[in-house]
Amino acid sequence: MLAVQDLAWGFASRRVGEAVSFALGRGETLALLGANGAGKTTLLRTLLGLLPPLAGRVEIDGACLSTLSPTERAMRIAYVPQAQLPVWGFSVVDTVLMGRASHLPAFARPGRADRDIALQSLATLGIGPLARRPVTELSGGERQLVLIARALAQQAGTVLLDEPTASLDFGNRLRVLRVLDRLRGRGLTVVFSTHEPDHALMHADRALLLEGGRPLAFDTVANALTAENIERLYHTPVRMVEAAGRRVCVPADDADGVRR
Amino acid sequence: MSIPPDSSAAPARGDIERSRRSALAYCGGMALLVALAIVAASSGHYPLSLSQIVAGLVHGFAADRSGATAESVLWQIRLPRIALACLVGAGLSAAGAGFQHLFRNPLVAPDTLGVSSGAALGAVASIYAGAGAGLAAIAAFGGGLATVALVMALAARIDTADRLLTLVLIGVVMGSLLGAGVSLLKFVADPYNQLPAITFWLMGSLAAATWGQVAAAGIAIGVAFLLLNALSWRIDLLALPEDEARALGVQASRLRAVVVVAATVATAASVAVCGIIGWVGLVVPHMARMVTGPRFARLLPVATLFGAIFMLAIDTLARTATAAELPPGVLTAFIGTPLFVALLARRSA
Numbered sequence: 007m008l009a010v011q012d013l014a015w016g017f018a019s020r021r022v023g024e025a026v027s028f029a030l031g032r033g034e035t036l037a038l039l040g041a042n043g044a045g046k047t048t049l050l051r052t053l054l055g056l057l058p059p060l061a062g063r064v065e066i067d068g069a070c071l072s073t074l075s076p077t078e079r080a081m082r083i084a085y086v087p088q089a090q091l092p093v094w095g096f097s098v099v100d101t102v103l104m105g106r107a108s109h110l111p112a113f114a115r116p117g118r119a120d121r122d123i124a125l126q127s128l129a130t131l132g133i134g135p136l137a138r139r140p141v142t143e144l145s146g147g148e149r150q151l152v153l154i155a156r157a158l159a160q161q162a163g164t165v166l167l168d169e170p171t172a173s174l175d176f177g178n179r180l181r182v183l184r185v186l187d188r189l190r191g192r193g194l195t196v197v198f199s200t201h202e203p204d205h206a207l208m209h210a211d212r213a214l215l216l217e218g219g220r221p222l223a224f225d226t227v228a229n230a231l232t233a234e235n236i237e238r239l240y241h242t243p244v245r246m247v248e249a250a251g252r253r254v255c256v257p258a259d260d261a262d263g264v265r266r
Numbered sequence: 007m008s009i010p011p012d013s014s015a016a017p018a019r020g021d022i023e024r025s026r027r028s029a030l031a032y033c034g035g036m037a038l039l040v041a042l043a044i045v046a047a048s049s050g051h052y053p054l055s056l057s058q059i060v061a062g063l064v065h066g067f068a069a070d071r072s073g074a075t076a077e078s079v080l081w082q083i084r085l086p087r088i089a090l091a092c093l094v095g096a097g098l099s100a101a102g103a104g105f106q107h108l109f110r111n112p113l114v115a116p117d118t119l120g121v122s123s124g125a126a127l128g129a130v131a132s133i134y135a136g137a138g139a140g141l142a143a144i145a146a147f148g149g150g151l152a153t154v155a156l157v158m159a160l161a162a163r164i165d166t167a168d169r170l171l172t173l174v175l176i177g178v179v180m181g182s183l184l185g186a187g188v189s190l191l192k193f194v195a196d197p198y199n200q201l202p203a204i205t206f207w208l209m210g211s212l213a214a215a216t217w218g219q220v221a222a223a224g225i226a227i228g229v230a231f232l233l234l235n236a237l238s239w240r241i242d243l244l245a246l247p248e249d250e251a252r253a254l255g256v257q258a259s260r261l262r263a264v265v266v267v268a269a270t271v272a273t274a275a276s277v278a279v280c281g282i283i284g285w286v287g288l289v290v291p292h293m294a295r296m297v298t299g300p301r302f303a304r305l306l307p308v309a310t311l312f313g314a315i316f317m318l319a320i321d322t323l324a325r326t327a328t329a330a331e332l333p334p335g336v337l338t339a340f341i342g343t344p345l346f347v348a349l350l351a352r353r354s355a
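Sequence lines, in order, name chains A and B. Numbering follows this note's numbering, in which position 83 of the first sequence is assigned residue number 89; successive positions increment by one, without gaps. Numbering follows this note's numbering, in which position 67 of the second sequence is assigned residue number 73; successive positions increment by one, without gaps.
Keep in mind the hints are simulated off the structure, nothing from the lab. You can trust all of the hints, since none of them are fake.
Which stretches of chain A does chain B cover? Using the computed rule of at least three CB atoms under 8 Å from a CB of chain B, they are:
1. 50 to 60
2. 99 to 107
Here are a few chain B residues that sit away from chain A, every Cβ distance over 10 Å (derived from the structure):
3. A89
4. G138
5. K192
Every residue, glycine too, gets a C-beta built ideally from N, C-alpha and C.
My request is simple: use the sequences and hints to build the entire structure.
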């Protein structure tokens with residue numbers, strides 16, 4: 007559960023965004039949309055407690071985020087960054103085990119139970135066979151799945167993902183999005199940022215549209231992601247069309263060529 | 007139990023192989039170290055045979071004059087020197103492994119934050135002021151710690167997005183500033199008495215090893231090693247980008263400070279007892295990582311052992327290769343440079 011009240015976020019020297027409020031329950035997914043530089047990543051960092059809010063408050067499972075210790079925060083909210091190529095080639099299972107850090111005291115090493123949780127997380131995402139491979143040898147899509155498995159091993163109720171499908175190929179995008187559906191199905195609260203309105207329409211319950219750091223809309227995806235809002239967000243003409251029983255967003259000039 | 011059924015079909019490569027090789031490297035390394043120590047104990051201007059060493063160690067040397075000489079060569083000269091070489095090598099490469107992990111950069115050395123330059127300035131200043139070797143060692147230890155403390159304090163006051171880069175930059179700049187200080191002192195020092203002593207110290211030497219040095223360095227390096235070892239699993243998380251580590255619940259800046267302090271104490275203690283020895287802290291963790299993979303819990307013991315072996319081999323070579331003793335700091339660079347380039351070439355191949 008994640009609740010945000012009148013949040014302003016950014017840095018001491020520069021306010022990035024403000025006036026955002028929303029509440030998400032268990033099993034709800036929020037998609038975060040906005041042009042490059044609209045403040046999505048900074049908002050995610052604030053929701054994670056990595057940046058202090060400039061105003062307003064963030065509540066996670068009923069507790070105010072700023073009163074929680076880093077360990078307590080990590081047990082409630084997990085982060086899936088964009089997969090970068092890591093410097094060291096830790097094995098996949100060792101990488102996922104890092105998700106157990108908040109459950110272990112400082113001088114401890116993960117034990118059998120932690121290992122089982124890590125392997126279980128990998129199995130949940132269907133990447134059990136990768137367990138012993140070095141992460142440096144994986145493809146971008148596999149690395150993204152490993153980072154999601156690490157978040158699962160963290161056993162937090164809320165997961166935030168920063169553009170989880172960016173720089174993935176078509177197949178890997180769909181795989182990661184299906185995983186998001188599965189997280190929601192397990193009762194997790196999920197927030198992900200994306201540049202694809204269609205991904206939000208298909209895989210999220212609600213959408214928060216940020217325009218220059220201020221909310222343009224926060225509503226169900228059907229209500230928030232209208233052609234008008236998307237055009238305003240990205241400064242480019244689009245139209246919503248019905249395809250395969252779903253509403254999809256297509257560039258308007260292309261659609262004009264085809265004509266309804 | 008909850009292992010996914012398909013994982014049995016997965017190729018058992020990578021991790022298992024690394025674990026096997028680490029165990030092998032550790033056992034083989036231990037045997038090599040013992041063998042090297044025996045060679046080092048027996049060779050030199052006054053050669054001792056293996057049976058002499060064993061007999062001398064087990065039931066003392068013969069009570070005649072040659073027995074007394076052998077005993078003093080072994081106990082007062084060779085053994086402390088062997089122990090100190092092992093300690094210095096172990097300390098430098100444990101510190102190097104810690105620093106490389108911390109900065110997520112395999113090209114970082116233990117003196118990146120200026121500990122060696124600070125130690126050098128401390129020692130050179132005390133020699134310039136007319137102090138003896140004991141005081142120079144204390145000044146070196148203090149100078150090294152003070153420099154890193156200053157670098158960390160300065161870096162903490164600068165608010166940037168990339169804190170690690172800031173820390174390294176300040177360390178490098180501070181190192182060159184202190185290097186200029188050393189040059190200045192060399193310039194004004196008495197060229198007949200002080201300058202040779204300063205130059206000799208800067209090149210590093212284990213020739214004057216004593217049991218007192220072994221004890222002092224052993225305590226500092228031992229404590230640092232135990233601390234790094236106890237935190238070894240968590241130190242792996244410092245290899246992640248800072249945001250990720252913090253989101254996993256790690257207090258990254260605090261943990262980083264602990265690692266820097268432990269690695270700095272180990273480096274400063276090494277430099278204090280034997281002067282500046284380059285390369286060990288850079289090259290040896292590299293070689294160890296090729297065997298063990300990046301996991302710090304596996305890397306640290308193997309890197310520490312390899313460091314002891316490397317340094318003992320270098321020092322034995324330094325004192326036996328030619329009639330006059332070669333400075334080990336020079337030998338490490340001569341041997342370390344081609345080795346390092348070869349390793350880099352292998353990695354890029």
